[in-house]
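Residue numbering for the sequence shown follows our numbering, starting at 12 and increasing by one per position.
Keep in mind the hints are simulated off the structure, nothing from the lab.
These numbers were taken from a predicted model, which means no experiment stands behind them.
Idealized CB from N, CA, C, for every residue including glycine.
Take these hints with a grain of salt, some might be off.
Unchecked claim - Okay, the calculated beta carbon distance ranges per label pair: (1) T144 - L56: 43 to 51 Å; (2) S186 - P137: 44 to 52 Å; (3) Q231 - D111: 43 to 51 Å; (4) R143 - A60: 34 to 42 Å; (5) T192 - S78: 46 to 54 Å; (6) F261 - P119: 47 to 55 Å; (7) S99 - V63: 37 to 45 Å; (8) T144 - S99: 20 to 28 Å; (9) A61 - T104: 46 to 54 Å; (10) G185 - S110: 51 to 59 Å; (11) L56 - S99: 50 to 58 Å; (12) G214 - G189: 21 to 29 Å; (13) P134 - S99: 36 to 44 Å.
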Amino acid sequence: MVDVTSVAGTGSSPGAAGEDRAREGRTIRPPRSLPGGRAVVGALLIAAAAVVTFAAYLDATSAPTRSYVVATAPVEPGTRLGDMAEVSERFGTIALDLSDEVAARVLPASAVDSLVGQVVVTPLQPGDLLTRTQLVDDGGAEGAQTLSFSLPRTAAVAGALRPGERVDVLATFGSGDGAYTAYVVRGVPLLGISAPDGGPLGGSSELTLTVAVSALRDVQALGHAVNTAEVFVTRSTASPEVDDPAPGAFRSTPQDVGPLPDPATPATPDRTTGDGTGELPPHGGDPEADVDGGSLPDADADADTDADADPETDERGADAGGGVDHAAGPDTEVAGDLAGGA
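Working from the sequences, and respecting the hints, build out all of it.
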């Protein structure tokens with residue numbers, strides 16, 4: 012016999028069984044939380060990269076905001092820019108974006124007016140930016156002339172000079188006991204310094220200096236010294252505005268050491284000395300001695316010689332020359348005067 016009650020109690024309806032199966036297939040998930048720290052950092056990095064890229068794009072496509080001076084024609088060392096017309100012939104401006112370090116060395120377009128009165132000390136080609144170290148002030152002297160000369164490195168402050176500085180040029184004339192040293196020019200601006208073969212300064216035993224000299228007399232003196240004496244230069248500490256006279260020539264001999272004494276004979280207008288000043292150099296000999304070591308002509312001897320001359324000869328000379336030979340003797344002069352009166 013079957014227990015109906017038991018079967019009925021354990022049985023279930025078809026609908027209840029389906030609900031149980033559906034309930035068993037569900038997955039219960041926890042509630043969603045906020046993004047993690049790594050996700051936030053990654054998002055920030057992506058955003059920053061996008062901003063930087065966009066800024067770089069704008070910077071690359073935008074026009075430069077600063078302009079600088081650039082050469083538009085070849086410029087030789089020693090070129091003096093006397094006025095704005097000469098500046099305009101050789102230089103222009105160009106808009107560029109430069110780093111602060113480079114921009115500090117080049118000349119901005121706003122300073123183009125300052126080029127007037129400057130001297131370019133290095134060669135430039137079209138397209139070269141003009142830097143401040145490529146310019147020196149010539150002192151504003153109109154008509155200044157440039158002069159170059161070569162020296163041993165040891166005679167040029169061991170090559171430590173730089174364009175824009177002022178230098179003194181000295182020279183030693185003669186040799187042995189008769190040698191003496193004197194200033195030639197003082198406080199002249201140094202426009203350039205280079206090796207004669209165009210190589211690096213550090214590897215050359217000879218240097219070529221280019222200076223600007225204003226006074227024509229100084230140009231003559233420097234040219235004469237370079238060709239006849241042993242020249243050397245020093246870095247000048249004298250201000251160009253201060254008229255500080257240079258000391259006199261200096262010599263050193265066993266008998267006499269120190270400055271040369273003043274001339275024993277005053278200057279005369281009809282005697283020309285080796286330095287072209289009309290002043291007699293100190294020689295310690297006969298005051299009548301001339302520069303070449305000879306002697307002045309004997310006036311008495313000339314008078315006697317002329318007195319013995321034929322008066323007719325002087326008369327013909329006076330008629331032909333239209334004047335009187337004042338170098339002749341007194342008797343001859345009288346004859347000449349009489350002839351002129353006749």
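Hint by hint, here is what the structure shows:
no.: 1; hint: T144 - L56: 43 to 51 Å; verdict: holds, 44 Å
no.: 2; hint: S186 - P137: 44 to 52 Å; verdict: holds, 50 Å
no.: 3; hint: Q231 - D111: 43 to 51 Å; verdict: holds, 48 Å
no.: 4; hint: R143 - A60: 34 to 42 Å; verdict: holds, 39 Å
no.: 5; hint: T192 - S78: 46 to 54 Å; verdict: holds, 51 Å
no.: 6; hint: F261 - P119: 47 to 55 Å; verdict: holds, 48 Å
no.: 7; hint: S99 - V63: 37 to 45 Å; verdict: holds, 42 Å
no.: 8; hint: T144 - S99: 20 to 28 Å; verdict: holds, 22 Å
no.: 9; hint: A61 - T104: 46 to 54 Å; verdict: violated, 36 Å
no.: 10; hint: G185 - S110: 51 to 59 Å; verdict: holds, 57 Å
no.: 11; hint: L56 - S99: 50 to 58 Å; verdict: holds, 52 Å
no.: 12; hint: G214 - G189: 21 to 29 Å; verdict: violated, 37 Å
no.: 13; hint: P134 - S99: 36 to 44 Å; verdict: violated, 20 Å
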